[in-house]
Amino acid sequence: MAYLIFSITLMLVYIGLAQLLHIQFGMLGIPNFGIVGFWGLGMYSVGVLNVQWDFSFIPALILTLLLVALVANGLGRLILKLEGQAMLCATLAFSAIVALLVITEKWLTEGVVGLGTIKYPFDAGAMTEPLYFLILLLIVVGIQLFINKLHVSRLGTLIFSIRDNEELAASLGKDTVKIKLELFTLTCALMGLLGALSAPLNQFLTPNMLVPSVTFAVWIALILGGKEHSMGAVLGVFITFGLFDLLIESYLPVAPEYAVMVPNFKLFLYGAVLVAVLMYRPRGVLGHSAAGARQELP
Amino acid sequence: MMLNVNGLSSGYGDVTVLEDITFCVESEIFTVLGANGAGKTTLLKTLAKLLPVKSGTVEWRGETITDMPPYELPSRGMAYVPQEGNVFPDLSVAENLSIGGLLDLPSREERLSEVYELFPRLVDRSEQLAGSLSGGEGQMLAVGRALMQRPEIILFDEPSAGLSPQFVDTLFQKILEIREKQNVTIVLAEQNAVKALEIADRVLVLSLGKIHLLEDARDFDKNRLMEAYHI
Ligand SMILES: Nc1ncnc2c1ncn2[C@@H]1O[C@H](COP(=O)(O)OP(=O)(O)OP(=O)(O)O)[C@@H](O)[C@H]1O
Ligand SMILES: [Mg+2]
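Order-wise, the sequence lines are chains A and B. Each residue of the first sequence is one higher than the one before, counting from 1 in our numbering. Each residue of the second sequence is one higher than the one before, counting from 1 in our numbering.
Hints in this document: simulated from the structure, not taken from any laboratory. All values reported here derive from a predicted model rather than from experimental measurement. Just to be clear, a hint being listed does not mean it is correct.
[As the list claims (entries may be wrong)] Footprint (simulated), chain B over chain A, 3 or more residues, beta carbon under 8 Å: (1) 151-159; (2) 163-174.
[Claimed, not checked] Quick list of simulated restraints, FRET-style, between CB atoms: (3) B:28 - A:81: 33 to 41 Å; (4) A:105 - B:134: 57 to 65 Å; (5) A:149 - B:63: 33 to 41 Å; (6) B:37 - A:89: 31 to 39 Å; (7) B:124 - A:202: 55 to 63 Å; (8) A:86 - B:124: 40 to 48 Å; (9) A:148 - B:131: 20 to 28 Å.
[As the list claims (entries may be wrong)] Simulated crosslink set (DMTMM-like; lysine to aspartate or glutamate; CA at most 25 Å straight-line): (10) A:178 - B:90; (11) A:149 - B:109; (12) A:81 - B:84; (13) A:178 - B:67; (14) A:149 - B:104; (15) A:266 - B:84; (16) B:54 - A:175; (17) A:119 - A:129; (18) A:149 - B:90; (19) A:81 - B:72; (20) B:54 - A:83; (21) B:54 - A:167; (22) A:178 - B:109; (23) A:81 - B:90.
For every residue, glycine included, the Cβ atom is placed at its ideal position computed from N, Cα and C.
Turn these sequences into a full structure, and let the hints steer you where they fit.
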């Protein structure tokens, strides 16, 4: 039971990351391949503040949010004017730098030895983990409501216009760089928040948590679910993380003698589903929300 | 004096395309002609501030706009209709028209009905995605959207490109109508010299990024155009 709660709480973290990537890439067209960098920065920032400098959790969380926002804003100023592929490389490089700093700056992060223990911000006995799950659920629902609102708002239309043709949007009187920078900063800071909240979940932080496969898992989920659809992130993570990692890997009722085959079988099925979806629904399972689905402009 | 361009040079990165361009546009239809690659698009993009000015100045209604970012221009009465990619394909026709959002709601509604009156074909397609419009409809939409800004000047980059001759006639008729009924200044870059000359007041001919000729449309000698094209 404890493992199940831990797993679905972790799944919520991935849903949150995929939702934020939906805003960045699906809506704005910013290919952020540095997700693990923002998430990891948030996680380690809370860890360092909490363990090394004895900050209690909430102040550490607030400082972390500010730190990640600041870093994202600085990075955004550098990269948001670049072409797509350059942005992709730059964000990927950013996450590699974060991972590298965590290893080399031992005085701060304990390096490869690892940093811990980070406790939950409250102690409710056996209810601690379920309560923590609820907090993350609230955040994810909050982000989803924000996305739904964004899709039908004037700001949403403006965002889609920037993705379609930024130059044209600028010549229609929109400060497109500013809008992109603000949304990039906000969404990256929220990725940092999810990282910060992952710290007590993991309790003990090591640099090998900051691998690019975190970024790729979020990307695969979003592309699979439908990057342009408001619910694509949620559905995508349900399929990748929920169905494959959780259900098949941990809860599929198989006889013990076949259990060793499950991971391979899972990978095989995972690959097959991915290929099938990309072949038959290249815009993801949910496709994209057509203009008709959006409300009339006010 | 409306638009005043003085000693303008511009281009892409280190490449200079336009050199020492000087002219001014009054309240008129000002046509920019030139062969492929002469620099018409580069000129209009520079005026719309989408390309940086390398040297020289651009003045609009007495205000220097040389170093102004592009998004400052619509509120100053300038609209730009690019040659390519001039609609948002993933937005509906109605959304494309209202995206500028310079006007308050009542005047926007009023303006929208004027645009629909000018281009009735857009009415039935108002909910359709702009990406699925035909070339001609897309061009109408782009012109309509420029009008939604209630501009004092519109920079048109080759509106006739890819349209049937019959439709070009209609479109140019509309442009003339906009000019005459709404007193909008028009800067029109065109390949189609014959059509453009029918409605032009003055003509600027570009050749390899330099001014080849600048004169009244009435005095215009087509042979001089040939010279410019055959360099
Ligand atoms: N992005 C770019 N980078 C470098 N050079 C460019 C770029 N775009 C255009 N050019 C060059 O600038 C010159 C002028 O091009 P421009 O597009 O302004 O011509 P044009 O008169 O609009 O031609 P057309 O009638 O074909 O549209 C050409 O030599 C072209 O190769
Ligand atoms: Mg051109």
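Checked hints:
Under a criterion of three residues with beta carbons nearer than 8 Å to beta carbons of chain B, the stated coverage of the segment 151-159 of chain A is upheld, 3 such residues being counted. Coverage of the segment 163-174 of chain A by chain B holds in this model, with 11 residues showing a Cβ closer than 8 Å to a Cβ of that chain against a need of three. A beta carbon spacing of about 36 Å between residue 28 (chain B) and residue 81 (chain A) agrees with the range 33 to 41 Å that was offered as a hint. The hint said 57 to 65 Å for the Cβ distance between residue 105 (chain A) and residue 134 (chain B), and at roughly 60 Å that hint holds.
Roughly 38 Å separates the CB atoms of residue 149 (chain A) and residue 63 (chain B), a value that falls within the hinted 33 to 41 Å. Between residue 37 (chain B) and residue 89 (chain A) the C-beta distance comes to about 32 Å, which sits within the given range of 31 to 39 Å. As the Cβ distance of residue 124 (chain B) to residue 202 (chain A) is approximately 57 Å, the hint placing it in 55 to 63 Å holds. With their beta carbons about 42 Å apart, residue 86 (chain A) and residue 124 (chain B) fall inside the hinted range of 40 to 48 Å.
The hint said 20 to 28 Å for the Cβ distance between residue 148 (chain A) and residue 131 (chain B), and at roughly 24 Å that hint holds. Of the pairs offered as hints, the one joining residue 178 (chain A) and residue 90 (chain B) holds, with about 22 Å between alpha carbons and a cut-off of 25 Å not exceeded. Between residue 149 (chain A) and residue 109 (chain B), the direct Cα distance comes to roughly 24 Å. Compliance with the 25 Å bound is thereby established for this hinted pair. Taking the CA atoms of residue 81 (chain A) and residue 84 (chain B), the gap is near 21 Å; set against the 25 Å cutoff, the hint holds.
Distance check on the hinted pair: residue 178 (chain A) and residue 67 (chain B) sit about 18 Å apart at the alpha-carbon level, within 25 Å; holds. For the given pair, residue 149 (chain A) sits about 22 Å from residue 104 (chain B) by alpha-carbon distance, which is consistent with the 25 Å threshold. In summary, the hint linking residue 266 (chain A) to residue 84 (chain B) is not supported, as the alpha carbons are separated by about 47 Å, beyond the 25 Å threshold. For the hint linking residue 54 (chain B) to residue 175 (chain A), the alpha-carbon distance of about 22 Å falls within 25 Å, and the restraint holds.
Note on residue 119 (chain A) and residue 129 (chain A): the hinted pairing holds, with a Cα-Cα distance of about 11 Å set against a maximum of 25 Å. Only pairs whose Cα atoms come within 25 Å are accepted, and residue 149 (chain A) paired with residue 90 (chain B) is accepted, the gap being roughly 18 Å. Annotation: proposed proximity of residue 81 (chain A) to residue 72 (chain B) holds, straight-line Cα distance about 18 Å (limit 25 Å). Simply put, residue 54 (chain B) and residue 83 (chain A) have alpha-carbon atoms about 22 Å apart, close enough for the 25 Å limit, and the pair holds.
Restraint check for residue 54 (chain B) and residue 167 (chain A): satisfied, since their Cα atoms lie roughly 19 Å apart, inside the 25 Å limit. At roughly 28 Å between alpha-carbon atoms, residue 178 (chain A) and residue 109 (chain B) are farther apart than 25 Å, so this suggested pair is violated. A hinted pair counts as satisfied when its Cα atoms are at most 25 Å apart, and residue 81 (chain A) with residue 90 (chain B) qualifies at roughly 22 Å.
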